[in-house]
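Start from the sequences, fold in the hints, and give me the full structure.
The sequence shown finishes on residue 175 if you use our numbering, and the numbering steps up by one all the way, no holes.
No lab work stands behind these hints, which were simulated from the structure alone.
The beta carbon of each residue, even a glycine, is placed where N, CA and C say it ideally should be.
Some hints here could point you the wrong way.
What follows is a set of in silico ranges between Cβ atoms, one per label pair, in the way DEER data are often shown [as the list claims (entries may be wrong)]:
1) Pro136 to Ser90: 34 to 44 Å
2) Asp74 to Thr25: 48 to 58 Å
3) Ala27 to Lys83: 12 to 22 Å
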Amino acid sequence: MSYHYYISVTAHINNRGVDAAISTPAMEEASELSSMGINEIIQVITDLQDVVSGQMDYLNWGTDLLNVTSEGDVTLYGRYDKAMETQVSTRSLISFLTELKRFKEYCLERDYYKSIISRAFTSVRAEPSRYRRWPSSDLHYLITVDRITVTLTLETEDFHLSTEEYTAQLNRYF
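Following this line, the structure appears as structure tokens:
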């Protein structure tokens with residue numbers, strides 16, 4: 002399974018929220034599971050392994066946006082606001098969650114996420130028009146650093162910050 006990696010930084014209100022996420026074309030909307038914290042991911046992986054091994058019959062779980070029902074071989078998931086459900090193998094979902102956990106841990110290792118965001122901010126600050134997410138947007142910027150897609154929400158005054166000042170405002174959510 003191929004994965005895409007993301008780091009997003011919200012606008013500065015009281016702090017700049019940072020989140021890390023992954024997605025894969027093989028499992029649409031599974032990226033919604035990226036809102037889970039590392040400890041929650043570990044618990045769900047453990048529970049899913051119990052379901053696959055037959056120690057549990059099924060597991061109902063999910064996030065704020067995604068409802069998930071896992072059985073030994075098959076998992077159904079779908080957004081709460083949509084009627085459609087997607088079916089995937091439970092083992093594939095365990096692999097997805099394992100990769101999500103690995104990526105979040107990697108981002109935390111030696112504050113790697115700060116290094117990626119610093120490099121992204123420095124590049125966007127130097128050439129904002131090159132990294133606009135949408136042609137008419139002056140707030141949302143998109144850049145790829147080390148094969149990680151980084152989304153920054155920046156206001157005009159943010160361009161006057163040094164990279165160190167900007168990264169000092171980061172507040173991670175993962």
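Comparing the hints with the structure gives:
Separated by about 40 Å at the C-beta atoms, Pro136 and Ser90 satisfy the suggested range of 34 to 44 Å. A hinted range of 48 to 58 Å is violated for the C-beta pair Asp74 and Thr25, which are about 19 Å apart. Hint check: Ala27 to Lys83, Cβ distance near 19 Å, so the stated range 12 to 22 Å holds.
Violated hint: 2 only; the structure is consistent with all others.
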